[in-house]
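Enquirer: Kindly produce the complete structure, drawing on both the sequences and the hints.
Chains as they are written, first to last, in the working numbering: chain A, 14 to 260; chain B, 14 to 260; chain C, 14 to 260.
The reader is advised that the hints may include incorrect statements.
Under the rule of at most 30 Å between Cα atoms (straight-line distance), these lysine-lysine pairs were calculated in the BS3-like manner [unchecked claim]:
1) K250(C) - K250(B)
2) K250(C) - K106(A)
3) K106(B) - K174(A)
4) K105(C) - K231(B)
5) K193(B) - K174(A)
6) K105(B) - K250(A)
7) K106(C) - K250(B)
If you're looking for bench data, these hints aren't it; they were derived computationally from the structure.
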Amino acid sequence: MTEFVTTALEDGVLVVKLARADKKNALTQAMYSALTDALSQAESDLAVKAVLLQGNDQVFCAGNDLEDFLSLKDLGQDSPILRFLTTLVRFKKPLLAAVAGPAVGIGTTVLLHCDLVVAQQGARFQLPFVALGLCAEAGSSVLLAQRVGQAKANEWLLTGKAYSSEEALAQGLINQVVEKDVCATGLAMAKQLAQLPSDALVTTKALIRAPFQAEAEKAIFDEAREFVRLLQGDECKGAIRAFFSRR
Amino acid sequence: MTEFVTTALEDGVLVVKLARADKKNALTQAMYSALTDALSQAESDLAVKAVLLQGNDQVFCAGNDLEDFLSLKDLGQDSPILRFLTTLVRFKKPLLAAVAGPAVGIGTTVLLHCDLVVAQQGARFQLPFVALGLCAEAGSSVLLAQRVGQAKANEWLLTGKAYSSEEALAQGLINQVVEKDVCATGLAMAKQLAQLPSDALVTTKALIRAPFQAEAEKAIFDEAREFVRLLQGDECKGAIRAFFSRR
Amino acid sequence: MTEFVTTALEDGVLVVKLARADKKNALTQAMYSALTDALSQAESDLAVKAVLLQGNDQVFCAGNDLEDFLSLKDLGQDSPILRFLTTLVRFKKPLLAAVAGPAVGIGTTVLLHCDLVVAQQGARFQLPFVALGLCAEAGSSVLLAQRVGQAKANEWLLTGKAYSSEEALAQGLINQVVEKDVCATGLAMAKQLAQLPSDALVTTKALIRAPFQAEAEKAIFDEAREFVRLLQGDECKGAIRAFFSRR
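Expert: This is the structure in structure tokens:
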């Protein structure tokens, strides 16, 4: 569907790679659809024991493609973004992410659905929704506070300030920081999980998610409804226009 | 209604100031009512984009006035305290606090309803309810653990130990510590939020609160019922009497 | 019922001691029953104001006895383990733990039900369920994340890595680390709580637990159902056999 998302299976780990580095892996509608397909296939393929989401050792994901956003009319349950988010929030196998460089918007919120996250020094996490006239998405209104506590969640979502790998680790957003070779480290972590008893892994993940699964799914839809409303408002149009004029 | 709560609007920020410094801003029934009025007006005034709650650079709030407590007979939904707490928990616009010196009892629990909190070095946070024969209030039985984790929440609420600004920051109760001029810093933070797109801010705050809004409101009432029961019991009367005899 | 659990009352504190040190206090069915009896009596005895759970200053609890596990057929609500867990999760008085040396499996998950936990330097916390082909238990799928955040909870439960006292404190699993004499420190902390107004203590604990009480109880049963299913599967049998062959 798109050359910008590639997959490869290695020792039980499906590596799902964002490969649009010249645009800092900003996600297009086609890329969301490709990610959905990759996760769906990983779910049903018995050879896949864990999934690693990554960009490369320079860039993870700069967020949703903003030009793509401007043409977005709908975030219904059959839209590429919502199909991706519902597949993501319901994904049953271990999911890991390796983060380098920018992790902006969906680049950070996707991490909230990952079981383990490793980031490289110099990574930059940011949730600039409000400054763009938008709101929390991808379940982040529920899931962020579960990792970093309510005070930091408020701060990250409302102010849109950027955070370093070190701060993301100290606050509990991620699990580990490495100096370099983050994708290799992520793959090693994923292979370790892939070697553990599968039923035990999947069952434990399901038990961990059970208490907030319904709430996270509901949040994704509640957020999407507000997101698309804001996207069509003047605040957001002005903010995105200002963003482009600054470039 | 009282000279001990003042308000001033500056660049979209309503500054709500506790002004009973000779009593360390201990809250009386009249002050709760004045705070309720201030928040209600802030909610409906389109010119108010954010609210800053503060004392001065020496004292935030030493808690409920204990002499006032001794005459308290009722914590029903129309009592000044409960009216304040329900207005606070439902407040829709960004709410910030600047804390210096003592933040005792309600002086700490009010912070759990603030989106961003800055404290000055030397501030002292304390929840001495149990030692006074009382119980958690203002939704703290739900909201404190969301910020500092369940282990610290148990410790703060059960032992009543005091904590410094630095520990409050490390545990996630607050967002920032400054050396001095905490009220000016709080105002600067509030002005920054006030300049962001309003609809996006209010929508994101509502989404963040949605998962625990009903639970927090219920906790306020459940706590109040137990609080007023304990207040009329011998444990509490003895503890408050001992407190006054130590002064 | 067993000599491996002893109790002693001191200044309002019931000290419940695991006393099977040559087996690192690994818990047998008989020990679970003795713990249930100790908690039940503590609940009804007006002289007991707080309970301290401890081993000695070398060892807290190495987990469930694995040989005992192999003969386990049932984790229904009348089984010794489930009776212990339901008594534990519903226990109304302040419960503390003093941890030295290994705190493995139930040795860590029991702490999630304690109001205050002190650990000694050199203690080692580990949740090796998945590596043994098993899953989260004792409510840990809900309660661990409330203490250490979702990212660390995922990591501890899925990878089964061991953690030090210092890391357990930094992440919020426990309240304090001491260099030595952990049992004496735990007793001193328990005596302090025992001197506070009882009604206020018990009421505050109940308020703190109210928001997640039902969820924690449900998790214990949901986990037990999966646990016993996994225990009878080949993954788990192979993993436990491998464990014994490594010894």
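Enquirer: Now tell me if each hint is right for this structure.
Expert: Status of each hint after checking the structure:
1. K250(C) - K250(B): Violated. K250(C) to K250(B) sits at ~60 Å, over the 30 Å cutoff.
2. K250(C) - K106(A): holds, 22 Å
3. K106(B) - K174(A): holds, 19 Å
4. K105(C) - K231(B): Answer holds: K105(C) to K231(B) is near 21 Å, not above 30 Å.
5. K193(B) - K174(A): holds, 23 Å
6. K105(B) - K250(A): Holds - the C-alpha atoms of K250(A) and K105(B) are around 23 Å apart, at most 30 Å.
7. K106(C) - K250(B): Answer holds: K106(C) to K250(B) is near 22 Å, not above 30 Å.
Taken one by one, the earlier hints fail for this structure only at number 1.
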